[in-house]
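Visitor: Below are the chains, spelled out letter by letter.
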Amino acid sequence: MATSKKRAKRISKSHKKVGLPPGTMTYVGNKESSELIIEVYNYTPEGVTHKDCTTVEDAVAFLATDAVTWVNLNGLFHVKAIEELGKSVGMHPLQLEDVVNVNHRPKIEELTKGGLFVILKMLYYNEANELIIEHISLVFKDNTVISFQEDDKDVFDIIRQRIKEPRGVIRNKQADYLLFAIMDAVIDHYFLILETLGDKIEVLEDQLIYNPTDNLVGEIQQLKREVLKIRRSIYPLREVVGNLEKAEHPSISDDTQKYFRDLYDHTIQVIETIETYRDMLWGLMDMYMSSVSNKMNNVMKVLTIIATIFIPLTFIVGVYGMNFENMPELHYQNGYYIVWIVMLVIFLAMLYYFKRKKWL
Amino acid sequence: MATSKKRAKRISKSHKKVGLPPGTMTYVGNKESSELIIEVYNYTPEGVTHKDCTTVEDAVAFLATDAVTWVNLNGLFHVKAIEELGKSVGMHPLQLEDVVNVNHRPKIEELTKGGLFVILKMLYYNEANELIIEHISLVFKDNTVISFQEDDKDVFDIIRQRIKEPRGVIRNKQADYLLFAIMDAVIDHYFLILETLGDKIEVLEDQLIYNPTDNLVGEIQQLKREVLKIRRSIYPLREVVGNLEKAEHPSISDDTQKYFRDLYDHTIQVIETIETYRDMLWGLMDMYMSSVSNKMNNVMKVLTIIATIFIPLTFIVGVYGMNFENMPELHYQNGYYIVWIVMLVIFLAMLYYFKRKKWL
Amino acid sequence: MATSKKRAKRISKSHKKVGLPPGTMTYVGNKESSELIIEVYNYTPEGVTHKDCTTVEDAVAFLATDAVTWVNLNGLFHVKAIEELGKSVGMHPLQLEDVVNVNHRPKIEELTKGGLFVILKMLYYNEANELIIEHISLVFKDNTVISFQEDDKDVFDIIRQRIKEPRGVIRNKQADYLLFAIMDAVIDHYFLILETLGDKIEVLEDQLIYNPTDNLVGEIQQLKREVLKIRRSIYPLREVVGNLEKAEHPSISDDTQKYFRDLYDHTIQVIETIETYRDMLWGLMDMYMSSVSNKMNNVMKVLTIIATIFIPLTFIVGVYGMNFENMPELHYQNGYYIVWIVMLVIFLAMLYYFKRKKWL
Amino acid sequence: MATSKKRAKRISKSHKKVGLPPGTMTYVGNKESSELIIEVYNYTPEGVTHKDCTTVEDAVAFLATDAVTWVNLNGLFHVKAIEELGKSVGMHPLQLEDVVNVNHRPKIEELTKGGLFVILKMLYYNEANELIIEHISLVFKDNTVISFQEDDKDVFDIIRQRIKEPRGVIRNKQADYLLFAIMDAVIDHYFLILETLGDKIEVLEDQLIYNPTDNLVGEIQQLKREVLKIRRSIYPLREVVGNLEKAEHPSISDDTQKYFRDLYDHTIQVIETIETYRDMLWGLMDMYMSSVSNKMNNVMKVLTIIATIFIPLTFIVGVYGMNFENMPELHYQNGYYIVWIVMLVIFLAMLYYFKRKKWL
Amino acid sequence: MATSKKRAKRISKSHKKVGLPPGTMTYVGNKESSELIIEVYNYTPEGVTHKDCTTVEDAVAFLATDAVTWVNLNGLFHVKAIEELGKSVGMHPLQLEDVVNVNHRPKIEELTKGGLFVILKMLYYNEANELIIEHISLVFKDNTVISFQEDDKDVFDIIRQRIKEPRGVIRNKQADYLLFAIMDAVIDHYFLILETLGDKIEVLEDQLIYNPTDNLVGEIQQLKREVLKIRRSIYPLREVVGNLEKAEHPSISDDTQKYFRDLYDHTIQVIETIETYRDMLWGLMDMYMSSVSNKMNNVMKVLTIIATIFIPLTFIVGVYGMNFENMPELHYQNGYYIVWIVMLVIFLAMLYYFKRKKWL
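Residue numbers (the numbering used here), protein chains in the order written: chain X, 11 to 370; chain H, 11 to 370; chain W, 11 to 370; chain E, 11 to 370; chain C, 11 to 370.
Some clues are possibly wrong.
Copies of the same chain look alike in the list, so a pair counts if it works inside one copy or between any two.
Heads up, simulated SDA-like pairs for lysine to any residue below, C-alpha to C-alpha not over 25 Å straight-line [unchecked claim]:
{"no.": "1", "residue 1": "Lys-368", "residue 2": "Gly-228"}
{"no.": "2", "residue 1": "Lys-268", "residue 2": "Glu-94"}
{"no.": "3", "residue 1": "Lys-305", "residue 2": "Met-295"}
{"no.": "4", "residue 1": "Lys-61", "residue 2": "Ile-47"}
{"no.": "5", "residue 1": "Lys-123", "residue 2": "Lys-183"}
{"no.": "6", "residue 1": "Lys-268", "residue 2": "Pro-176"}
{"no.": "7", "residue 1": "Lys-239", "residue 2": "Ile-284"}
{"no.": "8", "residue 1": "Lys-163", "residue 2": "Lys-239"}
{"no.": "9", "residue 1": "Lys-151", "residue 2": "Leu-121"}
{"no.": "10", "residue 1": "Lys-174", "residue 2": "His-259"}
{"no.": "11", "residue 1": "Lys-183", "residue 2": "Pro-31"}
{"no.": "12", "residue 1": "Lys-256", "residue 2": "Pro-31"}
{"no.": "13", "residue 1": "Lys-151", "residue 2": "His-114"}
{"no.": "14", "residue 1": "Lys-256", "residue 2": "Leu-126"}
{"no.": "15", "residue 1": "Lys-151", "residue 2": "Glu-56"}
{"no.": "16", "residue 1": "Lys-268", "residue 2": "Val-250"}
{"no.": "17", "residue 1": "Lys-268", "residue 2": "Glu-175"}
{"no.": "18", "residue 1": "Lys-311", "residue 2": "Trp-369"}
{"no.": "19", "residue 1": "Lys-90", "residue 2": "Asp-161"}
{"no.": "20", "residue 1": "Lys-367", "residue 2": "Ser-303"}
{"no.": "21", "residue 1": "Lys-210", "residue 2": "Ser-301"}
{"no.": "22", "residue 1": "Lys-210", "residue 2": "Asn-40"}
{"no.": "23", "residue 1": "Lys-61", "residue 2": "Tyr-220"}
{"no.": "24", "residue 1": "Lys-90", "residue 2": "Arg-177"}
{"no.": "25", "residue 1": "Lys-117", "residue 2": "Glu-285"}
{"no.": "26", "residue 1": "Lys-123", "residue 2": "His-259"}
{"no.": "27", "residue 1": "Lys-123", "residue 2": "Pro-260"}
Honestly, the hints are just simulated from the structure, not real lab data.
Based on the provided sequences and hints, a complete structural model is requested.
Guide: The structure is reproduced here in structure tokens:
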């Protein structure tokens with residue numbers, strides 16, 4: 011339930027935006043408390059400088075160097091800082107608007123004066139095991155990559171580590187490879203999400219077989235919704251990564267393009283897996299429905315067996331409970347025993363009948 | 011029900027049109043009482059003139075000026091005025107026919123002598139919470155945008171405000187930006203519709219889980235129909251906005267084209283959301299069906315438990331209600347108590363059986 | 011049922027054709043009694059000549075004039091006349107075959123020596139309210155349009171009227187506009203069909219909600235089949251009209267092409283409506299199934315309530331109907347009344363239980 | 011059942027082929043007993059020679075003549091003869107392999123040295139009313155058409171007749187027309203198949219309405235499978251015939267291409283019909299399921315009415331069957347009659363209740 | 011169950027990989043125990059050399075010869091050896107990564123310095139009758155084909171045999187034909203898989219008709235999942251083989267391309283068959299659901315018949331079990347017999363009613 015409540019809240023916020031002129035930057039997410047931290051990595055094959063700036067000016071200062079620079083801004087609530095930083099690399103107001111519009115779908119665009127603007131969705135499960143979809147924007151220009159993210163939780167630790175390693179591949183490559191590395195980190199993390207999802211589906215399936223309960227349908231539905239959400243976040247990636255793989259962007263070297271081709275393969279694989287999960291969830295729903303039908307069938311069988319056996323017998327004993335004056339059988343010495351025998355025969359005949367019908 | 015009644019009425023009207031020669035302007039909507047008001051905004055970066063004209067001549071007079079002019083005509087019932095106004099900017103009779111044919115789907119066309127003709131659908135919920143689909147036509151030519159709408163209720167107040175603000179972006183741009191601004195206002199409003207729809211779906215889902223009633227299926231069906239209607243109104247927009255984004259219309263500047271690209275992103279997002287809602291509604295129907303099955307299952311279980319326990323017991327008491335002369339048990343001192351004990355044992359055995367079957 | 015019988019008959023006839031060499035004209039429809047009438051309209055802006063010819067020669071005589079000529083042949087059974095007439099404008103034997111093959115799908119083809127050959131389906135409901143699909147072929151060459159139709163019932167009266175009006179648009183245009191006018195009359199009529207269909211769906215929906223009966227499923231099925239048939243007749247039109255709108259046929263003027271563009275919009279709208287109806291019919295089937303389930307649920311509830319209340323009570327009275335000698339309760343002064351009180355308590359407890367379960 | 015057994019057998023055979031080098035000709039069908047007959051028709055507008063050869067040499071001798079030659083080989087079991095004949099017109103080993111691989115899907119290919127190679131499926135119902143799918147390969151080169159078929163049953167008798175008629179169109183055309191004529195004969199026969207199928211669906215539908223039995227679902231399933239099989243055989247034809255219609259094969263004259271265009275129309279019509287049948291069969295399954303639900307509903311109603319009426323009455327008579335000493339009613343003069351009246355009132359009240367609920 | 015357990019394990023492993031820099035070779039499969047064996051075949055039309063090398067150096071030595079060389083490496087666990095071997099033919103690190111990433115989907119890529127890199131899936135059922143999907147990579151460069159496979163079980167024995175045969179086609183062709191032969195062996199084996207699957211579906215169908223049990227739904231579900239997995243492995247092949255058939259790879263001769271065209275036909279056929287199986291499995295689920303409903307119907311009928319017959323009779327005998335003082339019927343001489351006759355009449359009337367309703 012928690013997830014759907016959350017979604018409701020997010021959507022409600024999004025209409026803050028309706029009615030504003032285009033190009034107005036409005037953060038429509040709900041992570042407002044985060045403080046402004048601009049993480050900067052400035053590296054050459056020879057060395058790395060790492061600094062956590064708190065003002066945009068500090069960060070922008072690094073852009074002028076010859077080294078590759080990664081500027082990572084946390085907290086889309088800091089609209090002013092984002093605008094300042096974005097304008098320093100020549101972003102269009104409409105693009106700046108998209109950076110903070112967390113409902114925007116993944117896309118790729120060229121900057122007006124050269125360079126690329128990419129929107130992605132970062133997926134992870136939080137501590138409460140809810141699926142979090144975070145909005146990430148990347149700007150790549152010359153020897154700089156700027157990343158804007160909603161929260162200070164991310165999947166980029168591996169990149170930070172690799173940048174710090176003197177012999178890391180990343181240190182010897184240009185900023186286009188850094189762009190790839192960040193996108194790769196995001197998309198690689200999808201596999202973890204898919205794995206968790208796959209495990210959930212399997213657990214559900216086992217429960218359906220060994221212990222089907224009424225609320226399973228709610229859980230299937232919940233998973234379906236999760237798959238739907240993931241699908242919406244991932245589907246447009248096909249186009250985004252496909253564009254990087256196929257189009258000739260002058261700022262992306264042939265060598266790096268090979269890496270994007272590899273990333274494209276991963277994207278397709280993620281999409282195919284999510285489709286398979288979708289099919290499997292539909293299958294689960296079918297299994298659930300048939301298990302419900304089977305249970306009902308079994309309930310009915312028990313009722314039918316008991317009723318079919320005892321209703322006729324109750325009739326018989328009713329007959330000899332009548333108070334007619336003239337009922338010869340009542341006076342027979344063995345009348346009572348004969349009735350018992352008759353009833354036993356009926357009882358056994360019924361059992362045999364049900365046995366043959368495979369109801370027992 | 012109200013909505014479907016309405017639809018019936020509208021369709022019935024549409025056949026007024028069958029049999030007329032093409033190019034005949036016939037208003038097939040049902041908002042006939044509205045008075046003719048032609049709202050004119052004539053603005054330059056320096057100043058704005060606003061006038062509510064009541065004759066076409068007054069409005070046309072503004073077109074000759076160098077300033078950007080927005081002419082907004084309310085009431086498609088005023089066929090004559092529309093024809094006059096349309097011809098003044100060189101519209102084709104077939105296009106004039108489409109302006110008043112409220113069933114026409116969204117489209118974009120070029121005017122014969124330069125300029126663009128766009129049909130959109132404006133969606134809003136009225137006071138009775140019914141979804142209203144209003145037919146809007148836009149004509150863009152030189153420094154003029156003409157909008158034709160069915161009713162005087164619209165979503166353009168934000169544009170009126172922005173035009174009046176001396177420093178507004180809109181004041182410093184040409185008519186192509188005005189065209190964008192109007193389309194943007196319409197499409198931005200879709201997000202509000204989607205939000206309302208999303209809330210309705212959530213409420214339904216909660217009801218399905220906590221308080222499923224028989225008439226929920228009617229409400230799901232109603233929502234499905236609403237989604238179907240919205241979808242039909244929005245789908246063709248992909249093509250319309252896509253055309254403005256991609257094609258090279260000489261009258262649309264490169265700068266404005268960027269805004270249309272942004273609008274295209276929004277359109278795609280609206281379409282994707284509506285598709286997701288569709289999937290969710292199908293899921294709800296599944297949930298409903300399985301909830302109905304589960305309820306039936308529970309009803310059956312109660313019946314089966316009661317019947318299975320008491321039918322055999324009733325048989326036993328029936329046996330000792332027989333009137334045979336020779337029934338030794340009847341004369342036992344503790345016969346009655348023994349029967350009670352036997353019945354108690356059967357009763358407990360049954361309870362245990364149902365417990366093990368997890369029916370209790 | 012009538013419709014499906016009819017279809018059976020038509021299909022049965024179609025195999026008369028199997029085994030004949032291609033280009034053999036065989037009328038496979040079932041309207042054989044109609045007499046040969048060749049209606050000819052020959053008009054210029056100045057005047058009209060109208061004649062109902064009974065021989066092909068009479069009709070062909072008009073073709074040589076400079077005026078626009080519309081030749082309308084009723085009765086596809088008159089294979090010889092069709093052949094003669096067709097050959098006079100240079101039709102290929104295969105095209106002549108298609109004129110009388112009423113099962114042929116809509117298409118557009120060029121004539122060998124210039125001109126166009128179009129196949130359409132005319133839909134109408136007959137007096138028995140059955141959907142009739144009539145096969146219509148149009149040949150357009152120079153200043154002539156020839157139409158071949160199965161029956162003398164048609165939707166062309168408005169064209170006849172307009173030709174007779176001296177100031178009608180049609181009188182001032184060439185034969186390409188006449189071709190458009192005929193196709194427009196056919197396609198405009200589809201809207202009436204869709205309206206009737208929409209009304210039927212609504213009536214069904216109301217019945218499903220207020221008075222669901224067993225045979226509604228048959229009616230839903232019947233409508234589905236009707237939608238399927240209409241869809242098959244209309245779908246290929248997208249291509250046919252699209253071709254006229256897009257391709258550059260030298261014999262179609264730019265001005266008329268605009269009208270075909272308008273017709274194309276209508277065609278798309280018809281197709282979209284039919285698709286919506288299809289979705290709605292599927293929804294109805296779902297509603298029906300859930301209404302059946304709900305009814306069953308209610309039946310089961312009544313049974314369960316009655317049985318659950320009275321079966322235990324019947325057991326109790328059974329107990330005191332036993333004939334044991336030693337049953338102390340039977341001799342209590344108020345035994346009988348105590349039993350009644352006990353039973354009343356059980357009865358009320360049951361009622362409370364069902365109330366809480368919301369079964370009452 | 012028979013059909014599915016057969017299919018099992020055929021598939022089992024197909025794995026004879028797995029593991030053989032490509033280009034190895036292995037007949038995987040199950041019609042092994044047929045004798046080698048090579049039917050040859052050699053004709054010009056002036057005259058026809060017809061001979062049933064038993065050796066390939068005899069047949070090949072005709073190929074050198076200037077006349078059009080049709081060589082028809084029955085029995086794909088005669089791998090050697092097929093190889094010899096195929097090589098005489100320059101077929102590739104892989105194409106020869108496809109001639110005898112009866113599981114191969116329809117396709118069209120060019121021969122290495124000019125000419126065309128076409129694979130089709132011939133469908134017919136055999137005497138046991140089973141759907142037979144026969145594999146047919148056609149080779150067209152210069153003035154020769156060679157056809158390879160599995161069995162001596164075929165649909166080519168009409169072609170044989172037409173060749174023998176001195177004034178037949180076929181006699182005056184080249185071999186490309188013969189290729190068309192053979193393909194036309196095969197595809198025309200599909201209409202007969204569709205007709206039979208349509209009749210079967212109608213019969214099923216009538217049975218579903220008037221006399222639904224349990225095994226209807228098996229028959230629907232059987233028809234679905236048949237439709238699936240036909241679909242698989244016919245779908246690739248779209249591409250095959252489309253290629254002949256559109257591509258410019260130098261050996262096919264413009265005139266004949268018109269005939270292929272006609273054939274293409276027929277192919278599309280066959281495919282559309284099969285799709286309609288598929289939709290109808292799904293609809294039948296829905297009807298069946300709802301008819302089952304309705305029947306269950308009726309069964310439940312009968313049970314509920316009887317039980318609801320008599321269970322309370324039985325309780326009442328049980329009350330007065332109790333043996334309490336002090337039961338005043340028992341001693342009333344009219345106690346018995348009063349009870350009867352009470353029961354009658356209850357009975358009538360129940361009837362009224364059920365009437366109002368429309369269960370009676 | 012076993013299969014799904016397995017899958018869970020494999021997926022779990024795959025996240026070993028998340029977080030590693032791209033180009034890092036990590037074997038994510040679970041066949042780690044296999045020893046390194048590099049099988050080398052070096053052949054010309056004149057002779058064959060076969061050697062099982064244990065070091066990469068031994069194998070690489072053969073590559074320099076003019077003869078065609080097939081290097082087959084078993085065991086993807088040997089990452090070092092694979093890297094060494096791969097680099098000797100100029101593979102990119104990303105391609106080497108894909109060789110050991112057993113979850114990678116089938117694809118085709120060019121090597122940086124000429125040559126092709128192909129990923130396939132080899133399918134077989136193991137002894138436990140589980141479907142095994144093995145990851146196979148092929149590298150083709152100049153006169154060499156290198157194949158990397160997970161396990162020492164494979165489907166290549168026929169190729170080994172054919173290489174050893176002095177007159178085999180393969181001996182007289184170049185390495186491009188060897189590439190084809192290996193892919194052909196893999197794809198040909200799919201037909202065996204499909205056959206087994208087809209047999210399983212048929213067995214299930216027979217069981218559904220003759221002996222439907224509750225756990226059939228689990229088996230249908232299992233098969234659906236298997237079809238889903240196969241589909242995912244085979245679908246991308248369309249593109250892979252299609253590329254080889256259509257694109258002009260300079261290293262693939264025209265002659266061999268014909269073989270790839272043939273392989274493409276087979277691939278399409280495999281895909282079509284798997285789609286048919288999918289449709290059939292959905293049909294089975296429908297059959298299962300309707301069989302469950304029918305069984306429930308029959309259970310209900312038995313209950314209803316018994317209850318409907320005996321409940322009224324029990325009421326009657328209850329009436330005459332009452333203890334009213336004044337009940338005249340009790341004193342009739344033949345009262346008892348008359349009651350029996352009345353009950354018999356009711357009994358027979360009921361039977362007749364059920365007979366007419368076709369419940370008996």
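Visitor: A separate judgement is required for each hint: does it hold in the structure or not?
Guide: Here is how each hint holds up against the structure:
no.: 1; hint: Lys-368 x Gly-228; verdict: between (33 Å within a copy, 20 Å between copies)
no.: 2; hint: Lys-268 x Glu-94; verdict: between (34 Å within a copy, 21 Å between copies)
no.: 3; hint: Lys-305 x Met-295; verdict: both (15 Å within a copy, 17 Å between copies)
no.: 4; hint: Lys-61 x Ile-47; verdict: within (10 Å within a copy, 51 Å between copies)
no.: 5; hint: Lys-123 x Lys-183; verdict: both (23 Å within a copy, 22 Å between copies)
no.: 6; hint: Lys-268 x Pro-176; verdict: within (23 Å within a copy, 42 Å between copies)
no.: 7; hint: Lys-239 x Ile-284; verdict: both (11 Å within a copy, 13 Å between copies)
no.: 8; hint: Lys-163 x Lys-239; verdict: within (20 Å within a copy, 35 Å between copies)
no.: 9; hint: Lys-151 x Leu-121; verdict: within (8 Å within a copy, 30 Å between copies)
no.: 10; hint: Lys-174 x His-259; verdict: neither (28 Å within a copy, 42 Å between copies)
no.: 11; hint: Lys-183 x Pro-31; verdict: between (41 Å within a copy, 13 Å between copies)
no.: 12; hint: Lys-256 x Pro-31; verdict: between (35 Å within a copy, 22 Å between copies)
no.: 13; hint: Lys-151 x His-114; verdict: within (22 Å within a copy, 32 Å between copies)
no.: 14; hint: Lys-256 x Leu-126; verdict: both (14 Å within a copy, 19 Å between copies)
no.: 15; hint: Lys-151 x Glu-56; verdict: within (22 Å within a copy, 38 Å between copies)
no.: 16; hint: Lys-268 x Val-250; verdict: both (15 Å within a copy, 18 Å between copies)
no.: 17; hint: Lys-268 x Glu-175; verdict: within (23 Å within a copy, 41 Å between copies)
no.: 18; hint: Lys-311 x Trp-369; verdict: both (7 Å within a copy, 14 Å between copies)
no.: 19; hint: Lys-90 x Asp-161; verdict: within (17 Å within a copy, 40 Å between copies)
no.: 20; hint: Lys-367 x Ser-303; verdict: both (19 Å within a copy, 16 Å between copies)
no.: 21; hint: Lys-210 x Ser-301; verdict: both (19 Å within a copy, 22 Å between copies)
no.: 22; hint: Lys-210 x Asn-40; verdict: between (27 Å within a copy, 22 Å between copies)
no.: 23; hint: Lys-61 x Tyr-220; verdict: neither (55 Å within a copy, 52 Å between copies)
no.: 24; hint: Lys-90 x Arg-177; verdict: between (37 Å within a copy, 20 Å between copies)
no.: 25; hint: Lys-117 x Glu-285; verdict: both (21 Å within a copy, 19 Å between copies)
no.: 26; hint: Lys-123 x His-259; verdict: both (13 Å within a copy, 23 Å between copies)
no.: 27; hint: Lys-123 x Pro-260; verdict: both (12 Å within a copy, 23 Å between copies)
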